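Novice: Please model the entire structure based on the sequences and the hints provided.
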Amino acid sequence: MSDQGYINYFEVLGLTETCKIGEVRNSYKKVIKQLLMEIGRSTITDSRRDAFLLDIAKLNAAYYILRDNDRRQQYIDDRARIISLEAQWNVAVEKNSDEMDSLRRAYDGALKHFLSTYMEELMLEAGRDRECVEASRWSRAHERHASRVLRHFRQRLYHEIHERLPFYQITPPEIDWDQRAQLVAETLADGSAV
Amino acid sequence: MARNKVTVKPAVDQATIDKCLAKTVAEGDIVNFRFLFVSYSPLRDSSTENIADERYAYLTEEDASGTLFDGALQAVQEPAVREHVMAQLAKNGPAQLPASLVTLLADNAVRLGKYRAAAQAYELLRIRGRIQKVYLEQADEALDKGDITTAVRGYRIAMGLDYDYAAFPEPMPTPSNYQSKAQILHAEYPRRPEDALALQPPETHVNVALGYLLLNSEMAGRLESRTLEQRLAFLVELVHQIDPEWAAFVARYKDAIRLVEKIGSRLQQQANKEARVGLAEEIEAQHQEEDPAEIPRLLLGRVLTNEAWWDYVKELAYAHPAGVLFVVRQFVTRDLEIIMPRYVKESPLIQALGLALD
Numbered sequence: 001m002s003d004q005g006y007i008n009y010f011e012v013l014g015l016t017e018t019c020k021i022g023e024v025r026n027s028y029k030k031v032i033k034q035l036l037m038e039i040g041r042s043t044i045t046d047s048r049r050d051a052f053l054l055d056i057a058k059l060n061a062a063y064y065i066l067r068d069n070d071r072r073q074q075y076i077d078d079r080a081r082i083i084s085l086e087a088q089w090n091v092a093v094e095k096n097s098d099e100m101d102s103l104r105r106a107y108d109g110a111l112k113h114f115l116s117t118y119m120e121e122l123m124l125e126a127g128r129d130r131e132c133v134e135a136s137r138w139s140r141a142h143e144r145h146a147s148r149v150l151r152h153f154r155q156r157l158y159h160e161i162h163e164r165l166p167f168y169q170i171t172p173p174e175i176d177w178d179q180r181a182q183l184v185a186e187t188l189a190d191g192s193a194v
Numbered sequence: 195m196a197r198n199k200v201t202v203k204p205a206v207d208q209a210t211i212d213k214c215l216a217k218t219v220a221e222g223d224i225v226n227f228r229f230l231f232v233s234y235s236p237l238r239d240s241s242t243e244n245i246a247d248e249r250y251a252y253l254t255e256e257d258a259s260g261t262l263f264d265g266a267l268q269a270v271q272e273p274a275v276r277e278h279v280m281a282q283l284a285k286n287g288p289a290q291l292p293a294s295l296v297t298l299l300a301d302n303a304v305r306l307g308k309y310r311a312a313a314q315a316y317e318l319l320r321i322r323g324r325i326q327k328v329y330l331e332q333a334d335e336a337l338d339k340g341d342i343t344t345a346v347r348g349y350r351i352a353m354g355l356d357y358d359y360a361a362f363p364e365p366m367p368t369p370s371n372y373q374s375k376a377q378i379l380h381a382e383y384p385r386r387p388e389d390a391l392a393l394q395p396p397e398t399h400v401n402v403a404l405g406y407l408l409l410n411s412e413m414a415g416r417l418e419s420r421t422l423e424q425r426l427a428f429l430v431e432l433v434h435q436i437d438p439e440w441a442a443f444v445a446r447y448k449d450a451i452r453l454v455e456k457i458g459s460r461l462q463q464q465a466n467k468e469a470r471v472g473l474a475e476e477i478e479a480q481h482q483e484e485d486p487a488e489i490p491r492l493l494l495g496r497v498l499t500n501e502a503w504w505d506y507v508k509e510l511a512y513a514h515p516a517g518v519l520f521v522v523r524q525f526v527t528r529d530l531e532i533i534m535p536r537y538v539k540e541s542p543l544i545q546a547l548g549l550a551l552d
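Order-wise, the sequence lines are chains A and B.
When we follow the working numbering, the leftmost residue of the first sequence carries the number 1, and every step to the right adds one.
When we follow the working numbering, the leftmost residue of the second sequence carries the number 195, and every step to the right adds one.
Just so you know, the hints here were simulated from the structure itself, not pulled from any lab data.
Any given hint could turn out to be false.
Restricting the straight-line Cα-Cα distance to at most 30 angstroms, the calculated cross-link-like pairs of lysine-lysine (DSS-like) are [stated by the list, open to error]: (1) B/Lys539 to B/Lys456; (2) B/Lys327 to B/Lys339; (3) B/Lys203 to B/Lys213; (4) B/Lys203 to B/Lys375; (5) B/Lys285 to A/Lys95; (6) A/Lys112 to B/Lys327; (7) B/Lys448 to B/Lys508; (8) B/Lys508 to B/Lys375; (9) B/Lys285 to A/Lys112.
Computed from a predicted structure; not experimentally measured.
Specialist: Laid out in structure tokens, this is it:
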């Protein structure tokens, strides 16, 4: 199962979909320990702090979701659904089918749900889980800061996924980048723009 | 039973559609361009909204002329574009905007300095990031050649095209929110004079100023490898381009310095010591005629109802974004904290911006 922008929590822990709960626990403990050691060795800058927070949040979420059978199955189903909806929409666009709009709406709703559930809500929820708190030393202060980082992460992923989707709000543009560069040069030389 | 009189809306003619579209494209007006395609658009025959209504006069008014309008009209009248537009206006459901018109609209928006509109249009075209990069690359090339004005222009456009993907509820162009940034700059009270931003060594002062004025740490980071002279020249040009009224601020800044000097060297000396020492009453007693609260008013050029220091910082940042880089917070009485001008006279930045008294 590759990522495709829809976070793959099995990959985050270096596992496969058939892994057992014991493997999830062992892998999580090992990876989070390595990460905390790396943080301890690093000089913390603003951007590095955000990246570390995101890494911890991903690991916590992976453990929180995959160690529980119901949550894990729901996650696998939701992820499979979103990937399938994207494929269906692409096919509908290629065939110029009437279902294009309805599939696009279904996909967009599913995407927003997937990103907000698995890349924000459950990540924050995992940070309040006793086992995750113990292993990752996650605190309220981390959560306050992480909510901004996670929102940014989610929006960025949403944007990146959208980049590869069919154009629907607009006809596919034909961009001549040489012409663009020329136009930029003219705009800068003109000066009336500023 | 009386029936309501049903008024039938006249069909919208092709010339009106062309003109409305061309006007929004020429003006780089992405909001109204998108409005013309929504389900209740006055351009749709199926809509009850009537383009002839007075409230839609702004979409058709006659002032639309000039080179940009002519170019836009020509693009709108392209047979393929016209056919697509008419199909979208006749269609039930969300319209698909014609990319060629959106591209032209975005370019016009940049020409007219409407960067937020341009950012939205380029974002729709999914080329915003790359366009921003092209502007930055060409600006860096200009900087290599020593063409500071063009370089600053390029950075300013790139800055205007920035997008905030963490915005709620959905991504939107990054606003020039100097008011909030300025308050963050002055969030910590300077315990020692050397802690105050205005009294930092030129290297630090210039870097902080660039990070603040460019509103984007990545863009400011591109300039880090430049020499101090280059960054200084860039900063001075940036200040002038961002704030056309800079000269007026400089004059007021100098007046504020004169007032500080008038109030006494004692205030200056106290500013060099740790704050909040009870100097207030003494100063007040000695300088009844000169009110220190007048200093921030002079800097801003007007009196604020709420005379808190942070309100002056906020308002000053809005009127003259760079102005807040040359002021410090200072307690002058136990209860009164103001902002006042402070600078290192020898600083090349102060000299270049003409802030020092002769």
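Novice: Now, for every hint given, state plainly whether the structure supports it.
Specialist: Results for each hint:
Taking the CA atoms of B/Lys539 and B/Lys456, the gap is near 18 angstroms; set against the 30 angstroms cutoff, the hint holds. Simply put, B/Lys327 and B/Lys339 have alpha-carbon atoms about 19 angstroms apart, close enough for the 30 angstroms limit, and the pair holds. The hinted pair formed by B/Lys203 and B/Lys213 meets the criterion: a straight-line CA distance of about 19 angstroms does not exceed 30 angstroms. Simply put, B/Lys203 and B/Lys375 have alpha-carbon atoms about 51 angstroms apart, too far for the 30 angstroms limit, and the pair is violated.
The hinted pair formed by B/Lys285 and A/Lys95 meets the criterion: a straight-line CA distance of about 19 angstroms does not exceed 30 angstroms. Between A/Lys112 and B/Lys327 the alpha-carbon distance is near 28 angstroms, which keeps this suggested pair within the 30 angstroms criterion. Between B/Lys448 and B/Lys508 the alpha-carbon distance is near 20 angstroms, which keeps this suggested pair within the 30 angstroms criterion. A hinted pair counts as satisfied when its Cα atoms are at most 30 angstroms apart, and B/Lys508 with B/Lys375 qualifies at roughly 9 angstroms.
For the hint linking B/Lys285 to A/Lys112, the alpha-carbon distance of about 27 angstroms falls within 30 angstroms, and the restraint holds.
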